[in-house]
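Trainee: Got chain A; can you put chain B on it based on the hints?
Chains as they are written, first to last, in the numbering used here: chain A, 1 to 290; chain B, 291 to 556.
Pairs of lysine to any residue, SDA-like flavour, derived with a Cα cap of 20 Å: (1) A/Lys148 / A/Ile136; (2) A/Lys148 / A/Asp128; (3) B/Lys470 / A/Arg11; (4) A/Lys148 / B/Thr521; (5) B/Lys470 / B/Arg451; (6) A/Lys148 / B/Phe519; (7) A/Lys148 / B/Phe517; (8) B/Lys470 / B/Asp460; (9) A/Lys148 / A/Ala235; (10) A/Lys148 / A/Ala239; (11) B/Lys470 / B/Arg382; (12) B/Lys470 / B/Ser447; (13) A/Lys148 / A/Gly237; (14) B/Lys470 / B/Leu459; (15) A/Lys148 / B/Gly518.
Simulated from the structure, these hints should not be mistaken for lab results.
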Amino acid sequence: MHRPTPIPATRLWLLLLPAILTMVLVGVIPLFIVFEYSFYDIFTLDSRVWVGGQWYVDLLTSARFYESFLRSLTFSLVVLGIQFPLGICIALMIPREGPFRTTTLILLALPLVVPWNMIPIIWLSLVDTDTGVIGIALDRRNLAFDYKFNALHTWALIVAMDTWHWIGLVAILSYSGVASISPSHYQAASIDQASRWQVFRWIQFPAMRNVLLMALLLRFMDSLMIYTEAFGINAGGPAAATTFLTLDLGEEMRGFDYGPAAARSMIYFAMTLFVVWVFLRSWAAQQRHE
Amino acid sequence: MALTVRRIAAVLGFVALALFILLPFFQVAQLSIMSTLGTDEAPLGSFTLMNYRNIFASPALTASLINSVTYVTLNVALTLLVALPAAYAFSRHAFRGRRAFFITLLAFRVTPPVVLSLPVFILFSQLNLINTPVGIALVHCVFNVPIAIWILESFISAVPREYDEAATLDGYSTVGFFVKFLIPVIAPGIGVAAFFCFVFSWVEVVFARTLTVTDGKPITMAISNLFGFQTDVGLVMAMTVFSLLPGLAMIYFVRNHIAKGFVVRS
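Only chain A is shown next, with the shape it has when bound in the complex (with noise of 0.2 Å):
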C-alpha cells in the first residue's frame, strides 16, 4: 500500500466540508445542546434552574446504573461469544464461487432488513402459543415458555432473537476477509500438507481480522446499546431483569425528565468515545507489530 501524498489544503477541505457540515448539524451540534441541558433541572425549555454537576452526581453514585450496566455488559458478552465463533464458522463454509455462495450471502442479508420494532413483534408472535410456531410446538410437548415472568426465557428470547438479526453480518463481514484470500496460499498450503486449523489459524484468520475487529466493534456498541428489540419483548421485565442501560435512558425521557436525562446521554456518550479510542489502539498496536 502506498503512502497518501499531502495535496492543497483548500481542495482538502472542500472534498470533506460536505460530509463534515453534515455531521456538525446532526451530530455536533445536538450533542452540545444536550451538554448544556445536562447541567439543568428543566421545566419545560423556557423555564429552567442550573443545578451544575447534580445530575451526573446522582447518576454515577446510583447502585442502579451499575446493575443496569453490568446487565448490558453481561448481555454483549453473551451475544458476540454466540455471534463471533457461529459466524467466523458459517464464513468459513461458505463456497468461494457459485450459485450456492450467493443464496447464502442473500439469506444471511435477509434480517437485516427487518424494521428494528417489528423484530420483537416477529419473535413474539413465534412463541405465541395459539399461532406461534414454537409456541406451539412447545406447548405440545408440555413445556411452559414464560418470556413474561420468566427472567431466563426473557433473556434466551432476547438472545435468540439479537443472533438471528444480526448473524448475517458479523457472518458477511468474515466472509468478505476470507474471499480476499488469494486462491495461491491455499495451493501452497496443501503443497506443505498444512492441516484444517493451519489453514485458519495462519492463512484465514489474519485475512479476517481487521474487518473483524470493525465488526466487533459495531456489534459491541450496538449490543451495550440494544434498544428497541429489548424494549419490545418484555419493556425491561421481568422486574428489571432485561433492564439494559438504554431502557434507563427512553424511561427518563418517557418521564420527561430531560435533564438526568441529558447526563446519561452524555455518559453514554463519553462510555462510546472511550470504546471507540480502546479499538483504535489496539489496532495501531497491532498494525505495529506486523
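Mentor: Chain B alone, transformed into the frame defined by chain A:
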C-alpha cells in the same frame, strides 16, 4: 471419505442456518394470510387475503409506505453525495486530524439514536424539520455517512492512483473526474454503500418516531399504531411483509457485491 463427511456437514449446517433464518419469515407470511380477528366473511384462523386488502383500504397505511420510501431515498442520495468526496479525500490524502476525524465518525456511528433523539428534536423544531421526510433523511446521516465513507474508501483505494493522475493530465476538473472516471469504476462500491445506507435508514425507529409528531409517519410507526386493545395481528403481519419488500429488492440488486468492499485500514 473425509471430504464426503465435510460436505455432508456443510449441507446440514446450511439447512440448519436456512431453517433458523427463514422460520420467523415463514411465521410472518403465514399470519399475514390468516384471519386473526375473525369476521363473517373469514372466520377466525381461516385463509384470507383480507389483510392485504385492508392495507390499501387505509390511507394512513399507504401514506406511511410512501413516507418511508421518500425519506430513505432522500437519505441515500444525500449520504452518497457528501460521503463520496470525503471518502476520496480519506483514500488519497494524508492530512492532519485524519485519525481524529475517523474516531469521531466511528463514535457517531455507534452512538445509540436514543442518546441524540431529544436534542435533534429540539434543533429540528427550530429549523422547521419536524413531520417532514427531509428531517428524517438528514438525521439518518449521523450513522450512514460514516458507514458510506468507510465502504467507499475501501473501493476507491482499490483503484490505482495512476488512474487519477491520467485524468488530471487530460485536463479533467475534480467534478469531471468524479462523474466521468471515478463513479463508473467504483459502481459496485456505490451499490454496496447505497444498500447499507438504505437498510439502516429503513430499519431505524427511534429518530423516525421522534421526528414525526403529527404527520409524515414512517411505516414502522404505522405498524406500531396498529397495536391496541384488540390487535389485528394478521394486518400487522401483512404490513410487515410490505416493510420487507424494498429491502429484499435491494438485496437482490447487490447480491453479487454484498461481501466485497469491507477492507479495513487504519
